[in-house]
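J.: Generate coordinates for the entire structure from the input sequences, incorporating the hints supplied.
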Amino acid sequence: MVNLFSKNIASNQLLNLPYNSITSQYKSIEFYNEAVNKELKTIYYQHLLFLRAVQTACHSNAIRIYGGLTLILGLAFIPFSLFVLKHFTKILRMCTFLSTLVPYGIFFIEFFNVGQLAENQQIKLNRVLQQLVWYEWNIENRKTYMMLLSRSQNIDSITIGFNQKVNRISLLKNFQIPELKSKSSPTGL
1 MVNLFSKNIA SNQLLNLPYN SITSQYKSIE FYNEAVNKEL KTIYYQHLLF LRAVQTACHS
61 NAIRIYGGLT LILGLAFIPF SLFVLKHFTK ILRMCTFLST LVPYGIFFIE FFNVGQLAEN
121 QQIKLNRVLQ QLVWYEWNIE NRKTYMMLLS RSQNIDSITI GFNQKVNRIS LLKNFQIPEL
181 KSKSSPTGL
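In this note's numbering, the protein residues as written are 1 to 189.
This list has only true hints and no planted wrong ones.
Taking lysine to any residue pairs in the SDA-like style, the calculated list, with each CA pair at most 25 Å apart, reads:
1. K173 x F80
2. K124 x E110
3. K41 x T56
4. K7 x V54
Here are the computed distance ranges between Cβ atoms for each label pair:
5. I139 x T42: 12 to 22 Å
6. I109 x F31: 49 to 59 Å
7. K7 x R142: 22 to 32 Å
8. E140 x L71: 45 to 55 Å
9. D156 x N37: 23 to 33 Å
10. T70 x K7: 31 to 41 Å
11. L172 x L49: 24 to 34 Å
12. S150 x Q13: 19 to 29 Å
13. Q153 x S60: 21 to 31 Å
In short, the hints are calculated from the structure, not lab data.
The beta carbon of each residue, even a glycine, is placed where N, CA and C say it ideally should be.
T.: Here is the structure:
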């Protein structure tokens, strides 16, 4: 939806019309500004629909609880594998470990990729809006444009559990292995 919306804005000839083409295609600058006003209102309406969908996902308690439970299941798998799997044979232990960990890991990574995709779509829409040619617009159109720009700069992230963002940076933090600190300090003290 957002890709199509961004392409429509970028290819909209009315919004990206240079000044010398305005006078040749429209009788006056007022007619041009009226047409721009209609286009900006349409963009604003579509942007609000997009933001409503993003906000629904960002503030959904079901997604937050489901993601938090998924994180807890991943953490609970470690004691399970340490205490329960030691009673199995080596081959059965390996099969059980891989059959539970691999699907969980794939689901977990894809869950965070969806959150990153939502953020990327918002950034792409902001970049497309920034590239519009607004120099010949009247004050009302500029105010609408500035309102669109100011709102599109705020990136809404989906959160799970206790306010953990769902994007690739958080995914890397979850898989980060703490560094082992050496006994001596780097300064030699």
